[in-house]
Amino acid sequence: MTRKHRLLLFLIGAIGAGFVYCAGAGNMPPWTQYRGPYGDVIAGLAVFQRHATDTVNAITYDYRGFDTLGEEFMLFSAVTGVMLLLRPEKDEKDASAKEPRNPASFRDRAALSETVQVFTTAVFGLWVLFGIYIGTHGQLTPGGGFQGGVIIAAAPMLLYIAENTDAFRRIVSHPFVELLEGFGAAAYALIGLAALAVGVPFLTNILPLGTTGNVFSSGTIALISACVGIEVTAAFTLVIFEYLREILSREKNQED
Amino acid sequence: MMILGTGLLTLIAVSAFIIVRTDDVTNQLLGLGFYGLLFALMFFVFQAPDVALSQITVGAIALPLMIMLAITRMKHREAVNRAGKKRS
Amino acid sequence: MLAHYPYYIAAWIFLCGLYGIVRSRHLVHTVISLTILQTSTYVLLLAIGFRKGGYAPIFADIHPGVVTVDPIVQALMLTDVVVEATVVALLLAMVVKAHEKGGTTSPDDLRYMRG
Amino acid sequence: MNPWLLTATVAGASLIPCAFACLRGSPERRLVGLEMTGIIVVILLILLTIGYGRLPFIDMPLSLALLSFGAGLVFARFLEKHL
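Protein chains in written order, with the numbering used here: chain A, 1 to 256; chain B, 1 to 88; chain C, 1 to 115; chain D, 1 to 83.
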């Protein structure tokens with residue numbers, strides 16, 4: 001099958017599918033009018049039942065907590081897959097060790113302005129702090145573990161572009177990161193199991209709910225959100241390190 | 001508000017087509033960053049700030065970053081292979 | 001037409017992503033097209049849960065009981081965003097590996113993988 | 001419709017030139033467009049936050065301002081060095 005045939009086949013299918021879809025969508029209720037009862041029920045109840053002001057996070061980490069557990073393990077297994085696929089193979093490791101330096105393959109290292117260096121180092125701390133803030137206030141305002149985790153995990157890239165490669169390598173390749181990834185995933189499941197130990201169904205909110213609007217409120221929602229944050233931070237840090245591993249070792253060779 | 005929202009939806013539709021038509025991967029990657037920002041704004045306009053925040057972190061930062069690292073690694077590998085061939 | 005505008009946009013984005021996958025010459029291009037395809041679900045879910053004049057379902061500064069948009073589809077979208085990121089991470093690792101093993105990034109040249 | 005939302009609607013039109021910068025031309029040009037989009041979206045988010053009267057949402061423009069600054073630096077550096 002050549003490209004032309006493939007595109008032609010796609011065009012026929014797309015026109016057909018688009019026509020059927022549009023005919024069906026024309027019978028939907030207009031999009032500015034929401035009709036389902038469930039959203040209204042939960043929006044009215046969540047604040048009183050769970051003492052969390054952010055209903056979306058209350059649903060994600062409590063009402064639909066089991067789905068999020070599955071999603072968490074999906075992230076875990078995806079990162080495991082990335083690490084398995086991108087791990088250095090044995091012969092490759094030897095080859096890169098023997099390989100002589102070859103500066104031509106890298107573009108000449110462009111000079112880095114001092115402003116960038118100072119700014120990125122200054123912003124690094126601010127960035128991590130902001131990630132922690134977003135991650136721990138998920139039950140009150142928009143935010144939550146996932147968003148905070150991604151922000152924290154992207155922070156070491158600032159050190160990398162500031163040519164502070166040693167610090168970057170020390171943070172990213174620390175064995176603690178892998179431990180944290182496993183810990184985050186396991187802690188979520190353990191919180192669920194703790195409910196079983198007390199004698200109530202899996203992932204029931206067993207902790208005291210606290211005052212609405214307080215940071216230490218909403219029981220297990222805040223705790224699960226923090227666990228997800230730890231897991232996501234570690235997972236994305238690992239992914240970044242796996243992608244950059246070769247380039248890092250090569251840069252090190254050139255420096256020596 | 002509906003005017004801004006509808007306009008954003010149209011802009012999203014147009015840019016989706018343009019990004020898909022772009023052949024160079026680096027160019028496409030930067031277009032994807034723009035697309036993610038548009039989505040973040042659209043979520044906010046349509047009263048979904050939680051999703052907007054995760055779209056800001058994922059669509060505008062994490063996805064382009066991961067794709068960029070993958071492209072970098074592939075280009076790097078090609079450069080190494082070329083250098084190896086030249087030597088032998 | 002305007003009453004169902006986002007539904008049509010969702011279909012358009014879906015078909016655009018599919019078109020990108022069909023015409024791609026580079027595996028990373030395929031992955032980017034897949035992410036664009038996936039964003040069509042956001043538009044669809046957003047359109048289902050939206051209500052004109054509804055508030056965002058966060059009660060940090062408003063009283064419970066006011067009319068809000070549907071928080072359930074927003075939670076679904078949140079999951080969708082996360083899943084998109086993980087899927088892209090895994091697919092890109094596969095692309096990088098295929099490039100290392102086969103020396104090519106074109107989906108048409110992956111015939112050596114045939115059983 | 002209060003003045004803030006009206007301003008946001010009008011200012012939203014400035015995303016169209018950003019699309020022209022971001023979706024055509026060389027990577028450098030696109031990066032400039034991306035940075036510009038980041039700034040405009042931050043301003044729009046602030047306008048919308050005030051217009052809706054929901055001040056807790058100020059987290060969103062704050063995080064985008066911080067993140068688009070860092071992401072712009074990272075993209076620029078990688079384009080310069082590797083791509």
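It is worth saying that the hints were derived from the structure and are not from the lab. Some clues are possibly wrong.
Stated by the list, open to error - Some residues of chain D that are not near chain C, with every Cβ distance over 10 Å (derived):
{"hint": "1", "residue": "Trp4"}
{"hint": "2", "residue": "Pro17"}
{"hint": "3", "residue": "Glu28"}
{"hint": "4", "residue": "Arg54"}
{"hint": "5", "residue": "Leu55"}
{"hint": "6", "residue": "Phe57"}
{"hint": "7", "residue": "Leu66"}
{"hint": "8", "residue": "Arg77"}
To be verified - Listed below are the simulated PhoX-like cross-link pairs for lysine-lysine, each with C-alpha atoms no more than 20 Å apart in a straight line:
{"hint": "9", "chain 1": "A", "residue 1": "Lys4", "chain 2": "D", "residue 2": "Lys81"}
{"hint": "10", "chain 1": "C", "residue 1": "Lys52", "chain 2": "B", "residue 2": "Lys75"}
{"hint": "11", "chain 1": "D", "residue 1": "Lys81", "chain 2": "B", "residue 2": "Lys85"}
{"hint": "12", "chain 1": "B", "residue 1": "Lys85", "chain 2": "C", "residue 2": "Lys101"}
{"hint": "13", "chain 1": "B", "residue 1": "Lys85", "chain 2": "B", "residue 2": "Lys75"}
{"hint": "14", "chain 1": "B", "residue 1": "Lys75", "chain 2": "C", "residue 2": "Lys101"}
{"hint": "15", "chain 1": "B", "residue 1": "Lys75", "chain 2": "B", "residue 2": "Lys86"}
{"hint": "16", "chain 1": "A", "residue 1": "Lys252", "chain 2": "B", "residue 2": "Lys75"}
Source: prediction; values computed, not measured. All residues carry an ideal CB built from backbone N, CA and C; glycine is no exception.
Hint-by-hint comparison with the structure:
No Cβ of chain C approaches the Cβ of D:Trp4 within 10 Å, the least distance being about 16 Å, so the stated non-interface status holds. The beta carbon of D:Pro17 is kept farther than 10 Å from every beta carbon of chain C, the shortest such distance being approximately 22 Å. Every CB of chain C lies more than 10 Å from the CB of D:Glu28, the least distance being 20 Å, so the non-interface label holds. Remark: the non-interface label on D:Arg54 conflicts with the geometry, its nearest Cβ contact in chain C lying 6 Å away (cut-off 10 Å).
Consistency note on D:Leu55: stated as away from chain C, yet its beta-carbon is not over 10 Å from all of that chain's, at 7 Å minimum. The Cβ of D:Phe57 sits about 7 Å from the closest Cβ of chain C, inside the 10 Å cut-off, so the non-interface label is violated. The beta carbon of D:Leu66 sits about 19 Å from the closest Cβ of chain C, which is more than 10 Å, so the claim that it is off the interface holds. For D:Arg77, the condition that its CB be more than 10 Å from all CB atoms of chain C holds, with the nearest at approximately 20 Å.
For the proposed pair A:Lys4 and D:Lys81, the alpha carbon gap of about 38 Å is over 20 Å, so the pair is violated. Restraint check: the Cα-Cα separation between C:Lys52 and B:Lys75 comes to about 49 Å, which exceeds 20 Å; the hinted pair is violated. About 23 Å separates the Cα atoms of D:Lys81 and B:Lys85, which puts this hinted pair outside 20 Å; it is violated. Between B:Lys85 and C:Lys101 the alpha-carbon distance is near 16 Å, which keeps this suggested pair within the 20 Å criterion.
Our distance criterion of 20 Å between C-alpha atoms is met by B:Lys85 and B:Lys75, whose separation comes to about 15 Å. With a C-alpha separation of about 14 Å, the suggested pair B:Lys75 and C:Lys101 falls inside the 20 Å cut-off, and the hint holds. At most 20 Å may separate the alpha-carbon atoms for a hinted pair to count; B:Lys75 and B:Lys86 meet this at roughly 17 Å. Pair hint A:Lys252 plus B:Lys75 holds up; C-alpha atoms about 18 Å apart against a cutoff of 20 Å.
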